[in-house]
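Asker: From first to last, the protein sequence lines are chains A and B. For the first sequence, the residue numbers in the numbering used here are 1 to 202. For the second sequence, the residue numbers in the numbering used here are 1 to 219.
Quick caveat, the hints were computed from the structure, so don't treat them as lab data. All C-beta atoms in this analysis are idealised placements derived from N, C-alpha and C, irrespective of residue type, glycine included. There's no promise every hint is true.
[To be verified] From chain B, some residues computed to sit far from chain A (all C-beta separations above 10 Å):
1. R28
2. N46
3. R94
4. G110
5. Q123
6. V154
7. A175
8. R193
9. E204
[What the hints assert, rightly or not] According to the in silico footprint, chain A covers these stretches of chain B (three or more CB under 8 Å from chain A):
10. 36-43
11. 64-70
12. 179-191
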Amino acid sequence: MRAFLAMLGIGLTLSAVSGAQAYHRFWLNCNYDAPTFMTTMTRDAGQDYANAARYEGYQWGGGCWNYDDVDSYPHDPPEQAGTHGEGGDCSGLTFKTWRESTDDWRDGRYYWRALRNAHGPYTAADFRAGYGAPNHTVAKSTAGVMDAFASSTHIGMVFVRSLYGGDQIVEAKCEACGTNIFYRTYRSDSAYGGVGRWGWTG
Amino acid sequence: MGLDRLTSALLLCPLVFLAAACSDGGGRPEHLLDGRPAAELKPVRNSVVAFTRLLEHADVHDCLPTADRGTVAPEALVVERTGVDSHSITFADRDGSRVYACDGGVDPAGERAPPWCGAVVGQRERGRLLDPRLDVVCVDRRHLPLAYVFVEPVARAHWVGVQQDRYVELYEVVAGLPVRIASTRGIELENARAVFEVTQYDAEGRELIREPLEAAVAG
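Assemble the whole structure, with the sequences as input and the hints as a guide.
Answerer: See the structure below:
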């Protein structure tokens with residue numbers, strides 16, 4: 001019995017260590033490289049970029065993820081930006097997908113690699129107000145693929161427009177639900193407004 | 001004038017300039033953003049007290065997104081703060097579950113009408129903000145980045161101080177709301193983050209807690 005308990009203790013310790021190491025290994029790969037200035041930005045490419053971030057987790061104030069389809073650290077305490085978990089939050093995912101600049105007066109296109117930890121200067125409320133040179137508000141009825149719906153506390157981008165009341169929305173929703181594509185009815189929710197990005201080239 | 005006296009005069013000039021530069025009390029500002037004299041709280045060395053007043057029936061709609069305007073009662077208490085480089089108003093919604101701040105300064109994108117350059121909304125649970133709601137989109141009169149953030153006062157705190165370049169800026173705790181402070185130091189625009197050196201004091205200026213506040217734009 002004593003041997004069993006000892007082995008159990010060692011096993012638990014080792015499992016905890018490997019989790020921590022996975023977390024630290026993930027964060028070590030995040031970087032602060034400069035973005036790449038782009039002349040093009042298509043809605044198709046935006047869909048691909050956001051789709052690739054699926055299953056990579058959610059991090060409040062975050063913006064770094066890899067492409068292994070696993071949240072490397074899924075149990076961060078919510079609303080803490082310094083925990084170095086994997087994934088973007090709602091506004092961070094939108095910022096990177098929309099290839100925006102950290103300067104709110106620039107409306108050029110800047111490609112951020114997945115492992116570049118970037119959130120951008122905008123909150124969901126900023127997006128909702130159409131704040132920043134690259135952003136603007138749109139009528140919800142006309143919001144299409146890679147436009148977004150934003151409230152004071154959340155933003156999600158239209159992945160596929162539906163004719164039946166809701167939309168397939170790609171969004172970083174919460175620590176427990178991660179980043180994924182969900183069926184949502186933001187289009188008919190009065191708390192949400194339509195927002196878009198200027199400068200799509202296709 | 002002989003050569004010796006001219007040399008002496010030339011040697012004395014830098015000393016005179018140095019003396020003049022040092023005569024302003026270590027660079028403590030003498031005025032707040034709106035021109036009023038900058039008061040000092042004597043127990044806190046080299047401090048500047050931001051002007052704080054409580055407004056009733058203030059019009060906060062200018063800075064709020066249209067969707068949020070109905071959530072704030074017309075009679076809501078509004079805390080207005082004016083510092084050396086900053087100006088803000090703070091208020092809560094009808095049930096106190098959200099706290100709003102409108103941040104003053106220059107909007108580099110030129111989209112927000114003066115005096116406001118930013119607006120934030122913070123969610124509260126059990127009376128405390130979930131997140132300090134960092135705002136880094138404003139610049140000050142010199143076009144330097146200006147960051148705003150909420151600080152939750154600790155028990156018995158009457159003043160929240162933030163270390164600026166040459167002085168400590170003090171904000172009074174009023175109306176049971178978190179305190180909106182601002183700084184031009186410690187801002188990482190590229191990473192939408194900022195670090196504030198915050199100290200909280202009781203009503204007599206005795207230090208209660210000193211800690212860095214690291215904040216990131218989120219949500």
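Asker: The structure should be examined with respect to each hint, and the outcome stated for every one.
Answerer: For each hint, the structure was consulted:
Even its closest Cβ contact with chain A, about 31 Å, leaves R28(B) beyond 10 Å, as expected for a residue assigned away from the interface. Residue-level check passed: N46(B) sits 30 Å from the nearest beta carbon of chain A, beyond 10 Å. No Cβ of chain A approaches the Cβ of R94(B) within 10 Å, the least distance being about 14 Å, so the stated non-interface status holds. Taking the minimum C-beta to C-beta distance to chain A, about 7 Å, the non-interface status of G110(B) is violated against the 10 Å cut.
The non-interface label for Q123(B) is inconsistent with chain A: the shortest C-beta to C-beta separation is roughly 6 Å, within 10 Å. For V154(B), the condition that its CB be more than 10 Å from all CB atoms of chain A holds, with the nearest at approximately 19 Å. No Cβ of chain A approaches the Cβ of A175(B) within 10 Å, the least distance being about 21 Å, so the stated non-interface status holds. Annotated as non-interface, R193(B) brings its C-beta within 10 Å of a C-beta of chain A; the closest such distance is 8 Å.
Every Cβ of chain A is farther than 10 Å from the Cβ of E204(B); the closest lies at roughly 33 Å, confirming the non-interface assignment. Residues of the segment 36-43 of chain B lying with their CB closer than 8 Å to a CB of chain A number 0, which falls below the three-residue condition for coverage. Note: the segment 64-70 of chain B has 3 residues with beta-carbon separation from chain A under 8 Å; the three-residue rule is met and the coverage holds. For the segment 179-191 of chain B, the proposed coverage by chain A is satisfied: 3 residues have a C-beta within less than 8 Å of a C-beta in that chain, meeting the threshold of three.
Hints 4, 5, 8 and 10 from the list above are not met by this structure, while the remaining hints are.
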